[in-house]
Amino acid sequence: MTAAVAITPSVESLQNTARTLRRHALRMIAEAKSGHPGGSLSSAEIVTALYFGGILRHDPANPEDPDRDRFILSKGHGVPILYAALAESGYFPVEELMTLRQVDSRLQGHPVLGTVPGIEASTGSLGQGLSIGIGHAVAGRLDGKQFHTFVVLGDGECQEGQVWEAAMAAPNFELDTLTAIVDSNRYQLDGAVEDIMSLAPIVDKFAAFGWNVLEIDGHDMGAVVAALSQARAHRGQPTCIIAHTVKGKGVTFMENDNEFHGKAPNKDQLEVALSQLAPVT
Amino acid sequence: MTDTQRGSPTARAPRTELPLGRATREAYGDALLELGKANKDIVAIDADLAKSTFSWTFGKQFPERFFNIGIQEANMVGMATGLASSGKIPFISSFASFVLGKGFDQLRMGAAYPHLGIKVIGSHGGISLGEDGVSQQSVEDVALACALPGFIVCIPADEHAMKKAVHAAAAHRGPVYLRLGRPKAHVLYKPDVEFEFGRAIQLRDGKDVTIVANGLLVAQAVMAADVLADKGIEARVLDMHTVKPIDRDALEEASQITGAFVVAEEHLHYGGLGSAVALALAEGTPAPIEFVDLGDRYAESGKPEALMLKYAMTADAIVSAAERVVDRK
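Here the protein sequences come in this chain order: A and B.
FYI, the numbering for the first sequence is 1 to 281, going by the numbering used here.
FYI, the numbering for the second sequence is 1001 to 1329, going by the numbering used here.
The shape of chain B in the complex, shown without the other chains:
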């Protein structure tokens, strides 16, 4: 199947509106500030994008524990290795494409291999970064982070899940990768949402198909489920915020009950959530899967909504994929 065939946004059905909230990157800054007030061992480093990643929310409050390392991603990761080795909990942030891309060997040697508690924050994930174009659009970060042994890899869907994820990252002893998004995110949860790494959140129940999504695509999945309901297809929706370790129990149960899957993510086709779900299902209870993702290509500059539409990562694309996969059952 070619990329142009996959998920063409032809299903013109009415959308369910979810309220737009804050960007997950803003929630990151708020949560880091909360952490900093509670724990003096929390330190933050940014590589000259502190006002974009919102690490500056922490930095302006705790200047002695905040380091703008300049445009030095490799040095930032190495410094975090030393800080973590000497008992600190470093949160290091940049654009996802830079911290994973330019810091990969340092993360391999200094975070994954020694299993140190470095919290890697990749902001502006996916193509919804928009106008800046491909150089800044991170579409490989999940694959890179998942490749690192022992890393938790998590893409929260809204501001409330993000705040919970940041606190969970600080409490976790090992390395964590969190992807933040640039645009405002639809609000899916209440502030007291129960959040645990590796445990999917079920947003809709259904027996015909399961939509597994993370990040901004979770809201699209919920909208798609409502459209599918009108068409007589009952879709279960799982917010699979944690790609690694994946929630095998939730997938197993969903496979037994629905027997078909759509995986939706803002990432390349290879090495992201789709790969993780396929792997888990293949090892457990296999079922047909359709994938809504960027494919094996890069995007371009443009407004976030226009890009998501052109590259078919929308509720409509999920609806089409669900209809296809139900036919394959």
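Chain A extracted, bound-state conformation:
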């Protein structure tokens, strides 16, 4: 059995870890001169809470452990923040982060199963991760295993029809070992989700499909950890956490500026961003 993280770090410590992951993500994207800063930054607390907040039961030394929890980043374009978490967890060297999106790198522009350990699914064609999560959860149930599967989706991604196929199926299968987290940063490539194809009321939609729905501030580290723990403990139905987030969170000039959905910061912008994300002691 995978060793659970014994001691949950303090909220302050986790907040600093989130800053570290954000700095990694922005350095990687700036080095590659390509990538998606906005959606990487909005997921930072969610990913930090999972990997460092004692939620995900995993062992970087044994990434194929059949009993490990599964994490699937369905919004694959946010992968820099995941690569940062995997490297900081010890799945691969932190130095490798700077090879993102380069030829011969294991760090592909979107997650690819079988590249670096810790990546559980190939995503990037939006809408598919929740279905894959269902498969993992069903396999775990068939094998009598206790592992939990967490899937992070974007809110724009929820416009995909397949998300609602999966949303319908998971409660039908009573998959209480599956948790969906919607990183609801309110923007998609072409603009505001609300303007392009509104998902409102998204809480009601998931609830109507049979999910246990929690609604939180996705940047309140204590709330994120608490919601993920609650989701894991909930029985009889899957849980969906609607995490209200800010695209580009943590960098003043990126916050809610959709310019940075898919544009790398230049050298000067990176300097400013890194200074805003310095560790707090």
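Since the hints were made in silico from the structure, they are not lab data.
Only a predicted model underlies this, so the values are computations on that prediction, with no experimental measurement involved.
Don't take every hint at face value.
Unchecked claim - Derived list of chain A stretches under chain B, where covered just means 3 residues or more per stretch with a C-beta under 8 Å from a C-beta of chain B:
1. 110-124
2. 137-146
3. 159-173
As the list claims (entries may be wrong) - Simulated pairs of lysine-lysine, DSSO-like, Cα-Cα distance not exceeding 27 Å:
4. B:Lys1060 - A:Lys145
5. B:Lys1060 - B:Lys1037
6. A:Lys145 - B:Lys1040
7. B:Lys1190 - B:Lys1244
8. B:Lys1190 - A:Lys145
9. A:Lys267 - A:Lys33
All residues carry an ideal CB built from backbone N, CA and C; glycine is no exception.
Fit chain B to the supplied structure of chain A, relying on the hints for placement.
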């Protein structure tokens, strides 16, 4: 050459009768049940066509390992990706037109790219589905499946070959596409037929022309060979059940010995067996080829036999094509 010119069924020669057996979809269900008894990691998903694809043969025996996902082909493929990633051997079935058509991106991302062992079962392939018409008739599935890197693409010709193919699919580590047929299929083989993906089965030997076929057209090819023999043309018949990887050795040898080919399949002209054979021959020992297929068009509703006749995918059409290609040598 236009579609109406190709393979017009004018050669009115007597037919060799092969016994009619079970549909390959029925054999699929039987084989899946056998697999399920032997291996607890075999799981099956269907998208509300379980009684048509015969996955229900497995499902009623192993309800805990069978999932009717409802009419959700994309979700079905995604779920299979997760199951395969966590150590299961998922067989996912629907009509060929739906599982390939509606699940294509999911198969690309979740089966082909990560090379996962998902077994994709497309039933009711070709126009011999019949009366339901074009919306249900899959004539592009082979092209779509062949486009996916690392996929094995296979269309067995009869019930015995199908059962062997299902077992071979389970034993293979990577993704596999198997096309099943709706109508009863002529029996060509014994139950112990030697079957291996990528290895053609030679049903007739001959030196004048080679007929390469798969699925229901294999029986037509055998009948055509007998007709051709009466006309003094000795036809070699290859059951090329596996379109990808194609049996290059068998084609090479056939090209050297016969120097002319007819390719017969129940599929569009582009991207199916004909394309695969032409590609392999062009890269090896080129020879003239005539094609018996649907062309670049869709069919219509009708009885299977009436459609096969109207759209010229019959023994007669193969005979005509063989005579044409022999003239081109």
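Cross-check of the supplied hints:
1. Counting residues of the stretch 110-124 of chain A whose CB lies closer than 8 Å to any CB of chain B gives 8, which reaches the minimum of 3, so the coverage claim holds.
2. Counting residues of the stretch 137-146 of chain A whose beta carbon lies closer than 8 Å to any beta carbon of chain B gives 6, which reaches the threshold of three, so the coverage claim holds.
3. With 7 residues bearing a CB less than 8 Å from a CB of chain B, the stretch 159-173 of chain A meets the requirement of three and the coverage assertion stands.
4. As the CA atoms of Lys1060 (chain B) and Lys145 (chain A) are separated by approximately 24 Å, the hinted pair is consistent with the 27 Å bound.
5. Restraint check for Lys1060 (chain B) and Lys1037 (chain B): satisfied, since their Cα atoms lie roughly 13 Å apart, inside the 27 Å limit.
6. Annotation: proposed proximity of Lys145 (chain A) to Lys1040 (chain B) holds, straight-line Cα distance about 15 Å (limit 27 Å).
7. Using a Cα cut-off of 27 Å, the hinted pair Lys1190 (chain B) and Lys1244 (chain B) holds, with the two alpha carbons roughly 24 Å apart.
8. In summary, the hint linking Lys1190 (chain B) to Lys145 (chain A) is not supported, as the alpha carbons are separated by about 43 Å, beyond the 27 Å threshold.
9. At most 27 Å may separate the alpha-carbon atoms for a hinted pair to count; Lys267 (chain A) and Lys33 (chain A) meet this at roughly 10 Å.
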